[in-house]
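Participant: Just so you know, the protein sequences line up as chains H and U, in that order. Counted the way our numbering counts, the first sequence spans residues 1473 to 1718. Counted the way our numbering counts, the second sequence spans residues 1473 to 1718.
None of these hints come from the bench; they were simulated from the model. None of these values were measured; they are calculated from a predicted model. Hints may be right or wrong, so weigh each one.
Identical copies look the same in the list; a pair holds intra-copy or inter-copy alike.
Unchecked claim - Below 20 Å or equal to it, Euclidean Cα-Cα: the simulated SDA-like pairs (lysine to any residue) are:
hint: 1; residue 1: Lys1565; residue 2: Asp1662
hint: 2; residue 1: Lys1500; residue 2: Gly1522
hint: 3; residue 1: Lys1645; residue 2: Thr1689
hint: 4; residue 1: Lys1565; residue 2: Arg1688
hint: 5; residue 1: Lys1645; residue 2: Gly1683
hint: 6; residue 1: Lys1565; residue 2: Arg1675
hint: 7; residue 1: Lys1668; residue 2: Ala1652
hint: 8; residue 1: Lys1565; residue 2: Lys1668
hint: 9; residue 1: Lys1717; residue 2: Arg1703
hint: 10; residue 1: Lys1717; residue 2: Glu1574
hint: 11; residue 1: Lys1500; residue 2: Val1667
hint: 12; residue 1: Lys1668; residue 2: Arg1688
hint: 13; residue 1: Lys1668; residue 2: Phe1650
Number of protein chains: 2
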Amino acid sequence: MNPTIGTLMNHVSVRAFTEQPLSEEQVKLLVRAAQAASSASFQQAYSIIGVTDPALKTQMAELAGGQPFIAEGGHFFVFCADTYRHKQIAEAKNLDISPTIEGIDALLVGTIDATLAAQNLTVAAESMDLGVCYIGGVRDGIIDIADALHIPNHVVPVFGLAVGYPAERNEIKPRLPFDAVYHENRYNTDTLELVKGYDEETRLYYSKRNGQPSTRTWSDTAIGSLIRLPRSFMKEFLTGRGWAKH
Amino acid sequence: MNPTIGTLMNHVSVRAFTEQPLSEEQVKLLVRAAQAASSASFQQAYSIIGVTDPALKTQMAELAGGQPFIAEGGHFFVFCADTYRHKQIAEAKNLDISPTIEGIDALLVGTIDATLAAQNLTVAAESMDLGVCYIGGVRDGIIDIADALHIPNHVVPVFGLAVGYPAERNEIKPRLPFDAVYHENRYNTDTLELVKGYDEETRLYYSKRNGQPSTRTWSDTAIGSLIRLPRSFMKEFLTGRGWAKH
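Sequences are here, hints too, so could you generate the full structure?
Facilitator: Written out as C-alpha cells, the structure reads:
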C-alpha cells in the first residue's frame, strides 16, 4: 500500500478542531487540488465558497443542523452545483441552454462535479495532516444559507466541508463488507446476511467509541437518519431556483 | 507539495488503455479505498458494479455514448446511488422510509456517496500509475444499462469509471482561474472577464492537443455539450424507479 492509499484508508471525520485557521497558501493549494479533479464534459459546473467571516461562520454552524464545531477552527467550505456562469455565457451568445440546465440531469452533473472537487480537497487536506468533516446539514438550512451567501439562481449548495487542525480523532469506522458494496456483472439483491455480521461489528465500534455498552448498529443508525431527515422542502427550493424542473 | 497532492495535480482523463486487465487484488484494493471515503449520515448509499464479462463490457461501451475504449482494457466500474438495501432493512423492521428515499434529497445523498467513493478509487488508481476516465455517458444509455446489469428499483447508475494501464496520456488541461471558482463569504456573480482570459488559454491547449489550429475554447465546449445533452428522459426514468418523486 503506497502512502497515498494509506492516507485514503486512514480517513475519519473530524468534529473537533483547534482554533488555528488555515493560511491563505493552504487554502489556495487545497482549492487547486480540488480543481484538478475530473468534471462532466469538462463543464466545471461547481463553485466553492469559503466562509471566513466569524459571524457568518457562526450562522452557518447554526443553520447547518446546529453543529458548533464548524465555527470553531480551520476553514469552512461550501460546495455548490453551479450552472450560473454557463447561463451567462450562453445568453451572451444568444443560445438557450435552459432545457438542459433546468433538467434533473444537470443537477446530477453539478452535484457530481462539486463532489469530485470536494473529495480531492479532502484527500489533499488529509495528506497535510489536516482533518475534515463533510456537512450534509448544509441542506437542512439550505434556504437561509443560500440567502446568507448571496447565492443566485442556478447555484445550489450541496454540502459543506469543515477543514482544520484536529483536536481529536475517532478510530476508523468499519465499512460494509466488500461483497455487499461491490457486485460483478449484475446487481446482487441478496446482501442482508452480510449486513447482519456487519451490524455486530458496528455495534462493537459504537460501544467502544462512546465508552459505554451500546445497542446501536449500522442498520439502526442508517434507518434512523432516513426517518428523521426527509428534507421535504428540497424539491420546491430547487425548482424555485431553476434546478430539476423536469 | 507532497506526493499525494502531486498525484492529484497530475490528473488527466485517459481514453486509451493497453489490454492488460486489473488483477483481483488491484480491484479489491481500489474498492476498499473507495469505501474509505465519507458517506452522508454514514448511510453508504451507493454500490459499485464491476463489468468484467467481455460481451457485457462491449455492450456498456456502446450504450455509454459509443466509447469503444471502455471495452478495450483494464476494468469498467459502474457507480450507483443505492437505497435498495436501506429499504429492505426498513421493511424488515416494519418501518417506512419511502417519504425520504423517494424525495429528491435522497438522490443527492446517493449521488454524493457514489461520487466520494469514485474519487477515492480514482486517486488510489492514479497513485498506482493506472489511468482513469469518468463516463457520464452511462446516463445516455441509462435505461438499457440498468436492465443489462439487472439493477432493481432504488438503485440508479450515476456514472462509470474506466480504469486501466494508460496507452497514452494527454497533457494536463488548464482549469478555470482560481478566483472564478473560489468565492469568499459571498457568491461573486461577476467572473466573465476571468473566463475571457481562460478561453484564450484553452484555445491554445486544444490547438496543441489536436496538433492543428483550433478555434475551440472552454466556453464553446461547455456550452456545446449543454446544448447537445439535455438527457430529457432522466426525470421519467428516475421517478419510475422510485427516485426524485417529490
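Participant: Each of the hints needs a verdict: does it hold here or not?
Facilitator: Outcome of the hint check:
| no. | hint | result |
| --- | --- | --- |
| 1 | Lys1565 with Asp1662 | between (52 Å within a copy, 17 Å between copies) |
| 2 | Lys1500 with Gly1522 | within (11 Å within a copy, 36 Å between copies) |
| 3 | Lys1645 with Thr1689 | within (12 Å within a copy, 45 Å between copies) |
| 4 | Lys1565 with Arg1688 | between (57 Å within a copy, 14 Å between copies) |
| 5 | Lys1645 with Gly1683 | within (15 Å within a copy, 49 Å between copies) |
| 6 | Lys1565 with Arg1675 | between (58 Å within a copy, 17 Å between copies) |
| 7 | Lys1668 with Ala1652 | within (11 Å within a copy, 48 Å between copies) |
| 8 | Lys1565 with Lys1668 | between (57 Å within a copy, 13 Å between copies) |
| 9 | Lys1717 with Arg1703 | both (17 Å within a copy, 13 Å between copies) |
| 10 | Lys1717 with Glu1574 | both (6 Å within a copy, 16 Å between copies) |
| 11 | Lys1500 with Val1667 | between (41 Å within a copy, 19 Å between copies) |
| 12 | Lys1668 with Arg1688 | within (13 Å within a copy, 55 Å between copies) |
| 13 | Lys1668 with Phe1650 | within (14 Å within a copy, 47 Å between copies) |
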